[in-house]
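The listed protein sequences correspond, in order, to chains A and B. At position 219 of the first sequence (counting the first as 1) the number is 219 in my numbering, and the numbers step up by one without a gap. If you count the second sequence from 1, you need to add 282 to reach my numbering.
Source of the hints: derived by calculation from the structure; they are not laboratory data. Don't be surprised by glycine CBs; every beta carbon is placed ideally from N, CA and C. One should not assume that every hint holds.
[What the hints assert, rightly or not] Residues from chain A that face chain B, not an exhaustive set, calculated with beta carbons under 8 Å:
1) Met25
2) Leu115
3) Met119
[Claimed, not checked] Only pairs whose alpha carbons sit at most 30 Å apart, straight line, appear in this in silico BS3-like list of lysine-lysine:
4) A:Lys245 <-> B:Lys484
5) A:Lys195 <-> A:Lys105
6) A:Lys269 <-> B:Lys382
7) B:Lys414 <-> A:Lys7
8) B:Lys382 <-> A:Lys105
9) B:Lys294 <-> A:Lys195
10) B:Lys359 <-> A:Lys7
11) A:Lys5 <-> B:Lys359
12) B:Lys359 <-> A:Lys207
13) B:Lys382 <-> A:Lys5
14) A:Lys195 <-> A:Lys79
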Amino acid sequence: MTKSKNKLLADILTYVALIIGAVVMIVPFFWMVSVSFRLPAQQFSRELLPNPFTLQNYVNLFKDLPNQAFFYLTANSFKLSILMVIGQVLTCSMAAFVFAVCQFKGRNFLFALLLGTLMIPLQVSLIPNFIIYKYLGLIGTQWPLILPAFWGGAFGTFLLRQYFLTIPRDLVDAARMDGASFFNIFWRIYLPLGKPAVAALSIFVFKDAWNDLLHPLVYLPTDMHQTTLTVGLSFFQQQLVAGGKFTVLMAGAFLSILPLLIIFFIAQKQFIEGIALSGIKR
Amino acid sequence: MNYGLKPFGREKIWLWLMLVPTLIGLVFGTVGSLLATLGLSFFDWDLINPPQWAGASNYVALVQNKDYIEAFTNTLKFSAEYVPAVVIFSLFVAVLLNRKIRGVSIFRTIYFLPTVTSAVAAALVWNMIYGKDTGILNLLLETLGLAPVCWLCADNAMVSVVIVNVWGAIGEGMIIFLAGLTAIPRDYYEAASIDGANDMQKFFHITLPLVTPSIFFQTLITAINAFQAYDYIYMLTRRGQGNSTVPVAVYSIYRNAFNFFRMGDASAQAIQLALLVAVFMVVMFWWERHYVVYE
């Protein structure tokens, strides 16, 4: 009797703690959406729900910002994020296949070296890379964001290699018996079978690329037709806040996170398993 | 490993071709650029005039330049508040979610939401929440009969920035810990129950020791992120000319490199940051040897 009572008490306490935490986590989203549907005059109203409800801010986002800026920012974010996903999936999966399946001299050294690069802070590589791009005349173009995505990377290679290691070797032997070439074993066996890990990596890369602020800030011009949503929004923050247009800003913020929220709700499993995969099987 | 796939003769070319992008990345992106930055740190270079040999002067500046010392101290302060908070809160949430209760997946989704949200969009709304006269946080304080706080003024900005960063990081930590917790065999708890252990005893004698690998991993990742934290701080505390109310070390690196084109100073600061990461990792791996329990 006392035991079930204790259990009940513990359950109640658990729910109370979890609900308080969940409210803290969700309030910023709620506020963002709520403000985005208010009249500009009520931007600082402390009522919880918009009254009256208006879609005007979303219209203004496309109408008021000069030269269809919001449309171009969104298009750039999509374009760059998708290119980066393609680059990372291609180059990381090739390296992961080689590290997971092949035998050759120097493999362990190379793999350890690659993993070691996870420790190098981004700031360290940013400086010489900036200088190289400057001498190549690429500052102000989107190339400094696209090219590195096609250079592989420790995180993606590691993630995919861990998954590739779980694919039975018999498949390779069987394919070899049938005369499959080296590249075909990768392309026709490992890549298709590695789909769950590829999906997880794609989501991570897309998320990081979509949310990246630093690289677009450093490499792209502050031209609303060339830069990304994150830079655009941080730029509008200064403009719109000065003009007292928090409601439009919140509409922009909400639209900017919407694609990732949709992807997250569709592919929650891959998201969460990907993180767990990178965490456990170090 | 004897059963690895051995490329036949000409196929060896394929093996290396498939590694080419990674090798380019190592040369230009990471290992090569570490060496380049190390070299640059011994020069003064504004990218216009030829580089000038500077000896160790850029490193001397690290301990003499008051602004930079403040920035570096801020990085340490920020990390000292942020890392324990993320690890403790996300472990706490994970432990609660690991109890067999209804609605786990809803809570998991809610706690994870900030992780998929861009720091820029989130910071825009946090800016409103923190507003001194208009923000809902001060409204809450007023309702509780407390005085309003200027959250983003110099005195409080550090704490406010830490809060937002922790808010954004709990989701990922929670997943790591949940994965670690579900890996603990149920038998251990059942055996402990038979021996009459209560929940507290079970937590401290079974859960905590067995989740130390996850704590180790999460602390490491969180700290490396903390040393490089930028987005929220930029969005919440930026002032004119790339300055900030809470200037941290990476702020100083970016300003020197991309606003003032003082590549030598920026490189020396970046190297110091890399050393901070390296030293921290050495300490963590020592800690791992002594305290982390692997089954």
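For each hint, the structure was consulted:
1. Given hint, Met25 of chain A at the interface with chain B, holds; its Cβ is 5 Å from that chain's nearest Cβ, closer than 8 Å.
2. For Leu115 of chain A, the shortest C-beta to C-beta distance to chain B is roughly 11 Å, which exceeds 8 Å, and the interface hint is violated.
3. For Met119 of chain A, the interface hint holds, the least distance from its beta-carbon to any beta-carbon of chain B being 6 Å, beneath 8 Å.
4. Note on Lys245 of chain A and Lys484 of chain B: the hinted pairing is violated, with a Cα-Cα distance of about 54 Å set against a maximum of 30 Å.
5. Between the alpha carbons of Lys195 of chain A and Lys105 of chain A the distance comes to roughly 29 Å, so the proposed pair stays at or under 30 Å and holds.
6. Taking the CA atoms of Lys269 of chain A and Lys382 of chain B, the gap is about 19 Å. The hint holds against a cut of 30 Å.
7. Between Lys414 of chain B and Lys7 of chain A, the direct Cα distance comes to roughly 43 Å. Violation of the 30 Å bound is thereby established for this hinted pair.
8. Between Lys382 of chain B and Lys105 of chain A the CA atoms are separated by roughly 49 Å; this puts the pair beyond 30 Å, and the hint is violated.
9. A hinted pair counts as satisfied when its Cα atoms are at most 30 Å apart, and Lys294 of chain B with Lys195 of chain A qualifies at roughly 26 Å.
10. This hinted pair does not check out: Lys359 of chain B and Lys7 of chain A have alpha carbons roughly 40 Å apart, beyond 30 Å.
11. Restraint check: the Cα-Cα separation between Lys5 of chain A and Lys359 of chain B comes to about 44 Å, which exceeds 30 Å; the hinted pair is violated.
12. Using a Cα cut-off of 30 Å, the hinted pair Lys359 of chain B and Lys207 of chain A holds, with the two alpha carbons roughly 28 Å apart.
13. Using a Cα cut-off of 30 Å, the hinted pair Lys382 of chain B and Lys5 of chain A holds, with the two alpha carbons roughly 16 Å apart.
14. Note on Lys195 of chain A and Lys79 of chain A: the hinted pairing holds, with a Cα-Cα distance of about 22 Å set against a maximum of 30 Å.
Of the numbered hints given earlier, the model fails hints 2, 4, 7, 8, 10, 11; all others are met.
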